[in-house]
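Colleague: Build the full structure now, drawing on both the sequences and the hints.
For the sequence shown, position 162 (counting from the first letter as 1) is numbered 162 according to full-length UniProt numbering, and the numbering increases by one without interruption.
Among these hints, one or two may not hold up.
Stated by the list, open to error - Here are the simulated DSS-like pairs of lysine-lysine, each with C-alpha atoms no more than 27 Å apart in a straight line: (1) 116 with 2; (2) 146 with 123; (3) 232 with 343.
As the list claims (entries may be wrong) - Pair by pair, the computed Cβ-Cβ distance ranges are: (4) 66 with 327: 25 to 33 Å; (5) 312 with 64: 16 to 24 Å; (6) 38 with 228: 30 to 38 Å; (7) 137 with 173: 26 to 34 Å; (8) 206 with 327: 41 to 49 Å; (9) 147 with 67: 33 to 41 Å; (10) 323 with 138: 16 to 24 Å; (11) 327 with 169: 18 to 26 Å.
Everything labelled a hint here was simulated from the structure, so no lab data went into it.
We put the beta carbon where it would ideally sit given N, CA and C, even for glycine.
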Amino acid sequence: MKPLYDVIIVGGGPAGCATAIALHNLGVNNTLVIEGSDYTAPRIGESIPPNSRELFEKLGIWSAFSAQKHAPCLGSYSSWGSDKLGFNDYLFNPQGNGWHLNRSAFDKFLAMQVEKLGGALLKNTHFANLSQEQHPYPIKVTLRNKAQIRCRFIVDATGRSAKVARQFNAKVRVEDQLVAVSGYFEADDIIAKESYQQMTLLEAVDYGWWYLAHLPNNKVIVTVASDAAVIKQKQLKSTDAWQHAMHLTQHISPIIAQAPPSNLHTWIAQSAIMDPPAAQCWLTVGDSASSFDPISSQGIYKALNNGIEAATAIKAWLDNNAQEINQYRNAIGHSFINYLEQKAFFYNQEQRWPDSEFWQKRQGPP
Numbered sequence: 001m002k003p004l005y006d007v008i009i010v011g012g013g014p015a016g017c018a019t020a021i022a023l024h025n026l027g028v029n030n031t032l033v034i035e036g037s038d039y040t041a042p043r044i045g046e047s048i049p050p051n052s053r054e055l056f057e058k059l060g061i062w063s064a065f066s067a068q069k070h071a072p073c074l075g076s077y078s079s080w081g082s083d084k085l086g087f088n089d090y091l092f093n094p095q096g097n098g099w100h101l102n103r104s105a106f107d108k109f110l111a112m113q114v115e116k117l118g119g120a121l122l123k124n125t126h127f128a129n130l131s132q133e134q135h136p137y138p139i140k141v142t143l144r145n146k147a148q149i150r151c152r153f154i155v156d157a158t159g160r161s162a163k164v165a166r167q168f169n170a171k172v173r174v175e176d177q178l179v180a181v182s183g184y185f186e187a188d189d190i191i192a193k194e195s196y197q198q199m200t201l202l203e204a205v206d207y208g209w210w211y212l213a214h215l216p217n218n219k220v221i222v223t224v225a226s227d228a229a230v231i232k233q234k235q236l237k238s239t240d241a242w243q244h245a246m247h248l249t250q251h252i253s254p255i256i257a258q259a260p261p262s263n264l265h266t267w268i269a270q271s272a273i274m275d276p277p278a279a280q281c282w283l284t285v286g287d288s289a290s291s292f293d294p295i296s297s298q299g300i301y302k303a304l305n306n307g308i309e310a311a312t313a314i315k316a317w318l319d320n321n322a323q324e325i326n327q328y329r330n331a332i333g334h335s336f337i338n339y340l341e342q343k344a345f346f347y348n349q350e351q352r353w354p355d356s357e358f359w360q361k362r363q364g365p366p
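Modeller: Dropping the structure here:
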């Protein structure tokens with residue numbers, strides 16, 4: 001670790017690592033990524049669409065990613081707006097199939113690409129706070145171990161916690177908030193193995209929606225998403241109540257054997273944007289900039305794309321052109337507006353439960 005950096009990136013997930021890789025490709029090499037983990041803990045997987053390949057190619061890591069051999073995702077089934085199960089595949093997509101990511105391996109892979117390119121990476125290191133001073137490297141970063149380093153520009157890639165942006169008094173504007181409860185099964189507990197092994201399954205119910213997808217290491221994740229009040233009322237954080245509700249579904253229940261989930265995990269899934277997402281000498285990427293409803297399946301794609309666009313803005317700022325930061329900020333805002341419009345359109349496709357408060361809340365104009 002050196003005392004001075006052009007750019008410090010707090011958060012070594014997909015958004016932070018993509019920013020570091022893209023900066024290197026633009027000739028900005030004096031960078032540091034600060035990551036609180038060592039990439040060994042399990043992380044929930046996620047499917048990414050076929051057009052993610054374009055982002056890997058822009059980053060110059062497509063061949064390396066392809067060699068990782070993540071499981072292919074061939075498309076999705078959904079019962080949305082109808083009791084019938086619809087099918088959306090990637091058969092005619094010119095980019096080919098998508099992927100079910102092994103998130104632990106994927107995040108570690110991106111971190112290794114940063115190091116291979118000569119970027120500095122501090123693992124098991126936590127950001128504490130920052131201050132601004134009159135100095136050629138005006139941002140002084142204090143780590144939890146009391147070490148202090150300086151930079152000219154800082155990137156918040158800390159996810160929904162947005163630890164850096166909050167230091168600049170930025171505020172999170174929440175448009176919608178779901179609570180999701182996920183259960184995990186062994187793939188051997190899947191009855192229709194071949195039909196769903198490379199697909200995802202989405203099923204709407206009167207109080208929200210359920211989702212099923214395969215994970216690495218022979219695991220399957222099944223998730224229910226609804227409002228916090230509904231989760232509490234139906235006691236869906238309880239294994240027995242969760243399993244009972246799951247077995248009342250029309251399409252997911254026949255796939256899962258009677259075995260209970262190995263454990264339940266509750267998490268917040270909100271649609272929100274940072275206000276502002278960027279300003280002079282700092283910006284946000286990934287979920288620090290904006291977070292989407294998980295039904296959009298855009299989390300990783302958005303994180304990688306943010307990193308690429310952020311790098312262009314940072315390089316311009318380091319070259320004394322601040323206009324690119326304004327353009328990046330506007331791009332985050334426009335992207336979030338487009339997302340809200342798409343989200344409203346998608347939720348409006350489901351009209352089977354007009355009296356349901358869950359659906360009423362999400363079917364008006366954004």
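Colleague: Evaluate each hint against the coordinates.
Modeller: How the hints compare with the structure:
{"no.": "1", "hint": "116 with 2", "verdict": "holds, 18 Å"}
{"no.": "2", "hint": "146 with 123", "verdict": "holds, 15 Å"}
{"no.": "3", "hint": "232 with 343", "verdict": "holds, 25 Å"}
{"no.": "4", "hint": "66 with 327: 25 to 33 Å", "verdict": "holds, 32 Å"}
{"no.": "5", "hint": "312 with 64: 16 to 24 Å", "verdict": "holds, 22 Å"}
{"no.": "6", "hint": "38 with 228: 30 to 38 Å", "verdict": "holds, 33 Å"}
{"no.": "7", "hint": "137 with 173: 26 to 34 Å", "verdict": "holds, 31 Å"}
{"no.": "8", "hint": "206 with 327: 41 to 49 Å", "verdict": "holds, 43 Å"}
{"no.": "9", "hint": "147 with 67: 33 to 41 Å", "verdict": "holds, 36 Å"}
{"no.": "10", "hint": "323 with 138: 16 to 24 Å", "verdict": "holds, 20 Å"}
{"no.": "11", "hint": "327 with 169: 18 to 26 Å", "verdict": "holds, 22 Å"}
Hint check: no violations occur; every hint is consistent with the structure.
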